[in-house]
Structure formats: structure tokens, C-alpha cells
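S.K.: As a plain string of letters, each chain reads:
2 protein chains.
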Amino acid sequence: MIPSKEEVLAAYKRVRPFVHQTPVLTSTLLNNLAEAKLYFKCENFQKMGAFKMRGAINAIQQLSETQKQTGVVTHSSGNFAQALSLAAKNLGVKAYIVMPSNAPKVKKEAVKEYGGIITESQPTLDDREREANQIQKETGATFIHPSNNTDVILGQGTAAIELMKKHSDLDYILTPVGGGGLIAGTALAAHYLSPTCKVLGGEPFKADDAWRSLQTGKIEANETANTVADGLRTNLGDQNFPIINKLVPEIVRVEETEIITAMGLIWERMKIIVEPSSAVPLAAVLKKQTFFSNKKIGIIISGGNVDLKNLPF
Amino acid sequence: MIPSKEEVLAAYKRVRPFVHQTPVLTSTLLNNLAEAKLYFKCENFQKMGAFKMRGAINAIQQLSETQKQTGVVTHSSGNFAQALSLAAKNLGVKAYIVMPSNAPKVKKEAVKEYGGIITESQPTLDDREREANQIQKETGATFIHPSNNTDVILGQGTAAIELMKKHSDLDYILTPVGGGGLIAGTALAAHYLSPTCKVLGGEPFKADDAWRSLQTGKIEANETANTVADGLRTNLGDQNFPIINKLVPEIVRVEETEIITAMGLIWERMKIIVEPSSAVPLAAVLKKQTFFSNKKIGIIISGGNVDLKNLPF
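Here the protein sequences come in this chain order: W and C.
Counting in the working numbering, the first sequence runs from 317 upward without gaps.
Counting in the working numbering, the second sequence runs from 317 upward without gaps.
If you're looking for bench data, these hints aren't it; they were derived computationally from the structure.
Don't take every hint at face value.
A pair counts as met if it fits within one copy or between any two copies, since identical chains are not told apart.
Derived pair list, reagent style BS3-like, types lysine-lysine, alpha-carbon separation capped at 27 Å [claimed, not checked]: (1) Lys562 <-> Lys453; (2) Lys421 <-> Lys625; (3) Lys384 <-> Lys405; (4) Lys353 <-> Lys482.
Full structure from sequences and hints, please.
M.R.: Printed below as a string of C-alpha cells:
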């Protein structure tokens, strides 16, 4: 049902030559504040600024030679658009990216810089999907979903593998939960490589589809997604939810103010730039301080692509 | 006349156990932009968030046991107040800090957190010096100047020593120039340990006392200091200027917009938080691109203590 240990390890081997081995940072001040030992796996320093590079590079490599010749296509206004473009470029493959017409100019330029071929769509999900379908038909390109794709999931898990290789005795690893690719990949990696380490999620109350999905045992959709953690507004999918449902015991929900406070702590104390989404796990640790007290906790810092002109402080 | 190689190496040995060996980061994107190889020595990750920790820790250790018992005193509204407080705490010495009454609350709280004993003064330099004198008389504490003190200068140079130990073939090292402690220490270190490596300064046009001092051969004061690089508003002193005059061939002046652009590049591309002052050397490299083309250039990132609610973007 869920991918095997061999598949997890094969993805690690496949992804490794194409990504930065990002550093694991610690902060005495944040450890004192949390009364725990925190290990931040800094995917904000990853190529294109986010862990999404890993999943994209794994998924493209899994295509047949024929598929590689016709290229890949996705629709995304965020990090996966950049990730797929850069990964495709590195592997000599064409990447067609459907972006909503209202996507920020800076994101469109980043995709172009990485060689992605942009098609603009109307901003609705329906329109984006229709455009992506159209491109598939016209070019024969293979659609790669940003989070609901097993090879993407396996790729995302490689950040946790690097973290566990450095710190083999973690009690927990926390990730933010958006589309579900990162937490599913992380949970798989820990399940096979560090079975005593539990993987938990952090999620905004304002986009708590994953928390509710774990309660009901089926995929629930976000009712609102008005959160500062703009990477976490998406829903789970049928490829990642079974993994999450089986391997993730708990998702901790946090308030918007808690996310912003945690983000400020990381910026001010660690001097690194992280996206609001990346601050959600620290917010969860600080919220449940008694539970996490004295534990060794890995935190996947998902990315660092923020608009400096539009900060929540 | 200037401190000896033995003194430079002794300071390195003395400082090392008390500071972080901060990382040296590189960025392919910034290398491509500058058409050079840049090595950023990240003192923003140093204890208390700036290189000033190094000079403080060296200066206090050079005091006699009697002096240590009566403590140290300085006047500063910035990083040196925090540095002297934390260094003194680590060495079991009392630190009296004169801070202007209008100093930001967050800086006063940081000094208190590090155990510094704050005395408030009126905001003028005269008043600050008078208060510091008064404390010296009353307590017997030793005055430590933030930049015009040979032991402070030798301490600041230890960041460059760490950088050169990792990268022994640099053509240039650039530092920002404020009070002159950092560039003087860096120039001494390179002079003795990597004689083919030239140390250059970066300075805002709006606070170009050091550039003018190099032109006239004597210490010139700032006429204006209305620069975004708030750490660089101070003047050189008689302990550091002779070293700078002898060992620094050139100081490159940059515009305010160039500083802000360079700061944005470091934040967005490297995902690290640096002070405006720290962006001045990169601004200088980008300004004189032809001159620096294809060179290996070390850049001392001086610190990362910024007010997130008051950014120049």
C-alpha cells in the first residue's frame, strides 16, 4: 500500500546529486525558550529556496526517456512552479508551467529565469487545470502534481533523511502541512529509518483540512484558507493522505498570531529568512511546551521565499 | 608602531574558545551577478548577532585581575553595548553600560538580558562620555572603547583569520567601515597571514569620514551621518587610523540606494538577515564590477541585528 523502504532509499540516492545538503542549525536561545532541543533542517537554503526542489528532481528522473523528451507540465503559483522549472532545466527536460494571471510578477520572473515555459490562465483552479490538460494534449507533456504524486512525496522525504543521518536520536520531526507531500515523505522516511521518531504536523487553524481529515479518516477540504502561511492553503490528495493517516499520529493547529510570533523568533534569533509556513512547526512546539519538554525535535524549515515588501511583522 | 604578528595570533587564540566559528557562505546567484567569487563570513550568526563580541572578549581578557574585579564600562547605543555585556558575563566581570535615553527599548532589554548594568544619559556624546567618566571614578571600572582600542581591534580581526584559514587564496577582503575597529583588525590579520590579500573598505557617501581621512592622511570627522547603515555613523580614532592608513589601500564609497539593493540581494538570494551596514561591501563590489571581475573576495558580514518593524525595503 505505502511505498517501501527500498523506494525511500532509492529516492534519496536519486535526489542527492542534484540538491544542496542543507545545514541543520540550532539556537541556544530558542532551545531555552522551548525547553527542548530543536534541530532546524534549513531547506530555505535549498536550490530555488524551498524543499520542493527535491520532489521535482525525483519525479522527473522517474519518467521514461520518451516522457522526458516531451517534457513536464504543472500548475502552480508558488514554489513548485520554480522547483519543476529548475529541476527540469538541470535534467535537460522542458517544463510547461500554468500560472494564474494574478501571480506575482517576481514569481513569474523566477520561473522564466529557471527556463520554465509559462502559460497564463484565469486564477480559478478549474481554469488552471483546463490549461494544464490542454498543454498535455498538445505537447504530450507529463503532468506532475506539486504534492499528490508518489515520486514527489518520496523526494520531499529526503530532507528528513539528511536530518536523521546527522541526528539519529530525534524524538520527533515536525513539518508544516499544506498539500501533504512534505509530511507524507517525512513520515515515510522516519518510519523506515528511525522507527522511534514520530512525525507530527503543524497547521494553521485557518487551513486545518489535514487536522480534520485525521479526525474523520477521509480527505476533508479547507473551508477557509485565509492564513498568513500562504504555502499551506492547499488540500491533501489521495496519494499522500493514506500515508499521513497511517503514519502521522497528530497534527497540531496554531493561531495566526502564534505563527507570526514564531516567524519573528526565527528571523530575530537565528538571523535566517523563512516563509510564514516554515514557522508553523515552531509555533506548534511552543504551544504544546509541556508535551515537547526536554525532547529532541527536528523541524523542517520548508522554504525562504518571501515578499520583503509584504511582511507580517 | 602597529601590533605584531604575535599579538594578532595571541588574540586569535584568546578569542576562539568564547565565540562561534561562524560559517562562510557562498551564493551561485550572487557570484554570477558580481562575476566574481564571493565568500561571506557570517558574523550575523555570531553570539549577540555581530562581530563585536570578538573585540569585547579579547579586551576584557587583557585586563589585570584587579581590573577584572572592578569591571568594565562603555558607552554605546548599539552592538558594542550588547557585546561588552555578554563578553563580561562570560568572563565573570561586571559591565557598566551608558546608553542614551532615546536608545530603542529592545536594545536596552538585550543589554539587560546579557547582564549589563545600564546607566541612562542624555543623547549627546558629551553626556555619554561624562556619565562613563563618572562611573569610572565611582567604581574603578576600566573604560573599553567600542573601536579605538588595540585589544578590541585585534579581537575584531579574528573573524578574518577564520575566513583565511578556510580560504587561503583570497584576492581581497572587504569590510564595512564605521569606527574603524573591524577594518583595522582585518587589515592586520591579512597583512601577517595572507600578504597577497588586500583589505578594502566599503563606506556610505553619507558617512565618508574614513575615505576622506585616507585622502588627507589625518582623521577627518563625519560631516553628515544620515545613512541607512546605522552602524557606520561613527568616526575613526587614533588607535585604528594609523593601521588603516598604512594597510588599507582604498575605501569604496556607495550610495544609499546601492546599500539597500545589496541588502535586498543578500536577504532574498542568501536567505539570511544582515544589517544595512553589512551590505555595504557587497554594494562596493557590485559598483566596481570591472575592478573586482573574476577575483576571490571575502566579505565580512558584520551583523544581523535589525529592527524588523523598520526595514528599508
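S.K.: Hint by hint, say whether it matches the structure.
M.R.: Hint-by-hint comparison with the structure:
In this assembly of identical chains, Lys562 and Lys453 lie within 27 Å of each other by CA distance neither inside one copy nor across copies; the values are 36 Å within and 70 Å between. When the C-alpha separation of Lys421 and Lys625 is checked against a cutoff of 27 Å, the pair qualifies both within a copy, at 13 Å, and between copies, at 25 Å. In the homo-oligomer, the alpha carbons of Lys384 and Lys405 lie at most 27 Å apart inside one protomer (11 Å), although the nearest pairing across protomers, at 61 Å, exceeds that limit. For the identical chains of this complex, Lys353 and Lys482 are intra-copy neighbours only, at 14 Å inside a copy versus 29 Å across copies, given an alpha-carbon limit of 27 Å.
In the structure shown, a violation is registered for the earlier hint numbered 1 alone.
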